[in-house]
Amino acid sequence: MPATVADLPPPRLPAVASSGAVPAVASSGAPAPHRTPIIRPETLHPALWFGHQLGRHADAALPSGFAALDAQLPGRGWPRRALTELLLPQPGVGEIRLLSASLVATQRAGRLVMLFDPPMALSAAALAQLGFDVEQLLVIHTRSRLIAGTDSLWALEQALKSGHVGAVLAWLPPRLRAERLRRLQLAAHAHDGPAFVLREMSAAQRPTAAPLRLALRASGADGLAVRVLKRRGPPLETPLQLALPPVLGETARQRASEGLAPADAAPRAPLPAATFVNLAP
Amino acid sequence: MLWIALHLPLLSLETFAATLVEPAPSEPEEGPPAASRALALADAHCIVSANSAARALGIKPGIKRATALALAPQLTLGQAAPARDAQALIAVAHAALAFTPHVVIEPPSAAQPGASPHTVLLEVQASLRYFGGLAALRRRLRAALAPLGHRLNMVSAATPLGAALLAREHRELDCVDLAATRRALSAMPVWLLGPGRAHWEALQGMGLRTLADLKTVPRDGLARRFGELVLSEFDRALGQRPDPREPLSLPPAFASRLELFARADTGAQLLHGAAVLLERLVAWLSAQHAFVRRFRLVMEHEKRSRRDAPGPSLTTLEIALAEPSRDSAHLLMLLRERLAPLQLPAPTLELALQADDIAKRAPPNAELFPTPASELEGLTRLIERLQARLGGAQVLRMAQVPEHRPELATAWREADAQMRPSRAGSAGAGFRAASPRDPDERRLSQPVRPVWLMQQPEPLTERAEGPLLDGQPLQFLSGPERIETGWWDAALVERDYYIAQQPGGALVWVYRARLPVAAQAPCWFLQGRFG
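These protein sequences, in sequence, are chains G and L.
Each residue of the first sequence is one higher than the one before, starting from 1 at the first, in the working numbering.
Each residue of the second sequence is one higher than the one before, starting from 1 at the first, in the working numbering.
One should not assume that every hint holds.
As the list claims (entries may be wrong) - Derived Cβ-Cβ restraints for the label pairs, each shown as a range:
# : chain 1 : residue 1 : chain 2 : residue 2 : range
1 : G       : Ala-190   : L       : Asp-265   : 34 to 42 Å
2 : G       : Arg-206   : L       : Trp-487   : 47 to 55 Å
3 : G       : Ala-190   : L       : Ala-180   : 49 to 57 Å
4 : G       : Arg-108   : L       : Glu-484   : 36 to 44 Å
5 : G       : Ser-202   : L       : Arg-257   : 55 to 63 Å
6 : L       : Glu-458   : G       : Ala-60    : 37 to 45 Å
7 : L       : Gly-133   : G       : Ile-39    : 53 to 61 Å
8 : L       : Asp-489   : G       : Pro-119   : 22 to 30 Å
9 : L       : Gln-288   : G       : Ala-190   : 32 to 40 Å
If you're looking for bench data, these hints aren't it; they were derived computationally from the structure.
The beta carbon of each residue, even a glycine, is placed where N, CA and C say it ideally should be.
Just chain L, with the same shape it has in the complex:
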């Protein structure tokens, strides 16, 4: 049994930084960007932890809050939230599920039920061969967890509790077997054990500082003075007692929330928080080797007045993908395009991401040279991007409708992003046999139509010799073609169509309307141009 422990020493700070809203780009530079902002977490009146920018200003854990604010007035202070940390830890566990089915989130020690150790344990003995050895597995694990943006201590050992304890002290350590684990644990300080922290002063008074010291004293004496818990943890860490762990089960649907630190007024400010939630979604997807088809971003707004409807006011943004995908950059880009034109009714306080429509498929092949499959995928993404930015109603496809009235003979519908271009020789999808080249023959089979049609037929001025277009008389070349149809709906047409030539040489399609029969109504109209 080989266990890898992933300890996140700065988890609370990192999840707090994720709730910050990025400064809007249009505002003038009011302060440093969030990455180098000074952040600190305070509990009651004392500072609990600080990031590197805050430490550079002299803020250390343990000083009072007032001192910290005096040292650094621009400090952003927050509170640690165990629920927020738990969600981030679950995301790390999901990302680790891609490497082994046996992943455990280390529960808090029985002696200190409040403090979660922020550690994820993986049992990887069975995965070593598939991933090509421990070193390769560690590299891939770090690469897979890098998008989540946490600082990791990665330690491998023979017992789960031993690995968890070692991970709190060492950044990287490999203990190949039980003997090495015991040796490494011997040097660990006693207060790493849960009960050891509670009785630290007493143990120190007795001169027991490391676990090696604990081994030298009689066990029943330890149990009598400090309780059974010390012994049980000690034995489990050294592998003298069995330590069965229940593996984490993957939830069937994804739901994750993020409460924002400051109100977000525009869609762009939400992107930072939405990116964090998308990374968690990608981790959950990679745990089950699946791709997402649609997901929902739910934004909860603050109440403007007491007269608002009771219950939370939510805005839901649903994004459906043409091609199931797991690419966080692509998902974030789609979200950004949809968020940009969105007008939020009120500032947003909380974000939630939900997804339950997934597709389990083989991953796409990453190839060096473009292939028809990769070209189709690229086209799908391009069309999705255009639809996200311009709106679905601006990306259209045509279809022929069997209808004699020319303005109704073309149907427009929104394009779906899945383009399947028919190849020559496929089941004759769109290409007819080439029309006979002689237009006389063609006219017998299908009438000639101009490429360009006016949206509304344009009335032409009339003179004694005929209709005028742009002040010039038209020369009639071909016609008439009579179209009388549409008695079943309100658009009855009775028209005689002619192909006419303008003095410049361009061909136009005009018609003479036989309805309505009023004397003053214009009866010559321009319907189209031959392009």
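Chain G with its partners taken away, still in its complex shape:
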């Protein structure tokens, strides 16, 4: 009879099977039972997946229009009933062109697209060129008037909770608290469609309640570098390079690619004291 615990033989740890078989829990000294059949959790329920797999969604995802991006997104597209966070250094890196394919598809299906607090004035001609039905877009400004007892996210929350809106595109105020975003994410469960929230790049350091988070940066003319910061699945190391619907003609694009070389060869020093700090909210 062993006198102390230390005299017991060490318990045999269950072997970690790489093929996904359920490991046999072995008591110390007893032989392992026969191996149970391989279980694939992704066949059991859409909310289950392994750590190395890309997650899926219970609803069909909305295709984004870019095959390289769809391959990296869980569910092969923009998620419905959840927030998608896009982080930009400044407005105007190509985010509208990135989202135009899915938003135009939503409009063609006869559902409403709402925009909340766009940071600058929109040009109806440009949106029509991208394929939008300009008369059917609804733009809500929640911050231009101070109303006692309201916060600027009330309107967004109401639109998400109503469940009748097709797609939502919202520019959130900077330095938003985490619980406000959590509340929006809970409200998005009732919203049958994509909900895009666009925030400043410095929000990347703080955690978010949104299940998908992308950082966008312009790379070359008519190109976009997308880094997937958070998704239901393994992290993506390299940024994706996407070709946006082009704005420049062929000659202009050639000029852009040529123009990079002389700039690299003789880099101009920036002017002293020329740091531009954007104080606009």
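Given the structure of chain G, go ahead and fit chain L onto it with the hints provided.
Only chain L this time, still in chain G's reference frame:
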């Protein structure tokens, strides 16, 4: 003929409770909320009626006012107002009009012209088949009258006066035919008849306590001693004399007033009274199976000083609905959103609700699964709610204007809540044929425009090699596109537009202004970014 009588035994107390102002939520708890407040109605110096909270404190009808205040110092005392009760009774009658066209408000007995019996009579023989029987009709009637918040005694009988008398004693009773009515009436006490109350002592002295007793004495003797009225009421109640009743006619426009018991200082305090008025509006609408398009809430304020303008000082709040509606919760929510930011010039004494713009339509279908029609309705309500809270000027739609100057090429107008999203394949409303993908071809048909435009073009610093944005030089990729237009109004522009690339790769739209030609004026501006 089958008559249903609805008797409201606590009508005066209930209408008095409706005039109370809810305590403001920001104030500390100064007393119990209005629902469990002790209320009593006093007439001269005696208590006439008390609600359950007051009765629990020992206050009974008949005691003196001073005694009541000694027993319960926090008692709220009021006076019965016949005009106020009449308005509430009319609302009940309107709600009953949804079930039968023949609705009568029981007039006060000829012997006691002051005391209204607070009873509404409905003739429902013709409606029984449509509503599926008397029991189903009574259930639906109670459900329809529940929002008005009154306690009801509902009795059915073969004669109108008989039903009215029975309703004062019984909470629920069904007399299926005349014989049952007569049997039930035989047990009723004599003072229920108007003249019976006046001569109650004499009748009691003679030993005539119930209507059955009245039947046994000779009729001409009764008429000689107590007047014709006794006999006429007695006969009409038992169905021995015809009793034609004039049905109530529905007013063409709705107008109802409510005088508040205490002054209301904020918009939120008015909501309680406004909710009562909205229920009456919904009852009037359901009587004619219609929906309201716009209504007005008029608030009368107290005079601050003698120097104020003569006549009542009114504030009118007009609420127009995008979609005609009869839903009292939706109307109250719209009213609450509009009242919340309203600053009242003076405390409010009286509320009035007026509505005359109605639409008669079929009621909306209540379906289990969302359909395009219900989605449109839900969207309309959402937009109405956002417009009510944020203001109409914050919910906007765009339209393209044929104009070359980019800052004027987009027109913004307030969205109306009726959204009609065009479907693919409809008459080509907003979707053009997809622009040719090659931007060179596209530029020949329409010029390329950036999605984001600055509200005011931002001047750029200039150096010898060109303009700088954020301290970095720009690389010009495409251009120039010359826009010279606007000579007919003051905003003449002569600009050469270029698409330029920042070192980071983002594309911007800059222009060189050829006007004004002053040497020191900046001529490079940033107009937009390609998003």
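* What are the numbers of the hints the structure violates, in ascending order? -> none
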